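Q: With mature numbering (1 follows the signal peptide of the UniProt record, and there is no 0) applied, the sequence shown corresponds to residues -19 to -1, 1 to 105, in that order.
Any given hint could be a false lead.
[Claimed, not checked] Capping the alpha-carbon separation at 27 Å, the derived lysine-lysine pairs in BS3-like fashion look like this: (1) Lys20 <-> Lys57; (2) Lys63 <-> Lys27; (3) Lys38 <-> Lys57; (4) Lys16 <-> Lys3; (5) Lys20 <-> Lys44; (6) Lys96 <-> Lys37; (7) Lys96 <-> Lys13; (8) Lys27 <-> Lys37; (9) Lys44 <-> Lys96; (10) Lys18 <-> Lys57; (11) Lys27 <-> Lys13; (12) Lys44 <-> Lys3; (13) Lys57 <-> Lys96; (14) Lys16 <-> Lys37; (15) Lys20 <-> Lys63; (16) Lys37 <-> Lys13; (17) Lys3 <-> Lys20.
No lab work stands behind these hints: they were computed from the structure. What you are looking at is a predicted structure, and each value in this text was computed from that prediction instead of being measured.
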Amino acid sequence: MCLRLLCCVALSFWGAASTDTKVTQRPRLLVKANKQKAKMDCVPVKGHSYVYWYRKKLDEELKFLVYFQNEEIIQKAEIINKRFSAQCPQNSSCTLEIQSTESGDAALYFCASSKATVPNVSPS
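Start from the sequences, fold in the hints, and give me the full structure.
A: Following this line, the structure appears as C-alpha cells:
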C-alpha cells in the first residue's frame, strides 16, 4: 500500500479484457513516486476513429483531458500542454503520459473510443 508519507502517486485505470468490443487500458494500476514519468496506454475498439481521455479525482467530477480523431488532437485541456502529453499514432495504442508526477495526479484515468462524435453545441 502506498503511504502518504512516501509521496506516492497511485494512478488507476478503468480497464477491460482485450476483445474487439472493448477499450483496453494498460496498466490497470500504476504507482509512482513524485517526479517520475507515468505512461498509460489505451487500445481503442477496432474501427473507432475517436479516442478520449478523462480523469476522475476523489470527490471531484470527471474531467476531460484530450480527444483525438485518428492521429490528430481535436480538443485538449490546458493541462495537456504542461506536464501531460498525449499521442494516438495510427495502428498503435494511444498514450497519456505524465512527465513528472505529483501527488495531485492520483486519480482514475479513463480512456474511451467511438466511431463518431457529437459536435459541441453551446446552450442558448
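Q: Now tell me if each hint is right for this structure.
A: Hint by hint, here is what the structure shows:
1. Lys20 <-> Lys57: holds, 18 Å
2. Lys63 <-> Lys27: Judged against 27 Å, a Cα distance of about 30 Å means the pair is violated.
3. Lys38 <-> Lys57: holds, 18 Å
4. Lys16 <-> Lys3: violated, 32 Å
5. Lys20 <-> Lys44: Given that 27 Å is the threshold and the Cα spacing comes to 18 Å, the pair holds.
6. Lys96 <-> Lys37: Between Lys96 and Lys37 the Cα gap is close to 24 Å, so the pair holds against 27 Å.
7. Lys96 <-> Lys13: Given pair Lys96, Lys13 is violated - Cα atoms ~33 Å apart, limit 27 Å.
8. Lys27 <-> Lys37: holds, 25 Å
9. Lys44 <-> Lys96: holds, 21 Å
10. Lys18 <-> Lys57: OK: Lys18 and Lys57 at ~20 Å, within 27 Å.
11. Lys27 <-> Lys13: violated, 30 Å
12. Lys44 <-> Lys3: holds, 21 Å
13. Lys57 <-> Lys96: holds, 19 Å
14. Lys16 <-> Lys37: Roughly 21 Å separates the two Cα atoms, so the pair holds.
15. Lys20 <-> Lys63: It holds: about 15 Å lies between the C-alpha atoms, which stays within 27 Å.
16. Lys37 <-> Lys13: At roughly 17 Å apart (the allowed maximum being 27 Å), Lys13 and Lys37 satisfy the hint.
17. Lys3 <-> Lys20: holds, 20 Å
The structure shown violates the earlier hints numbered 2, 4, 7, 11.
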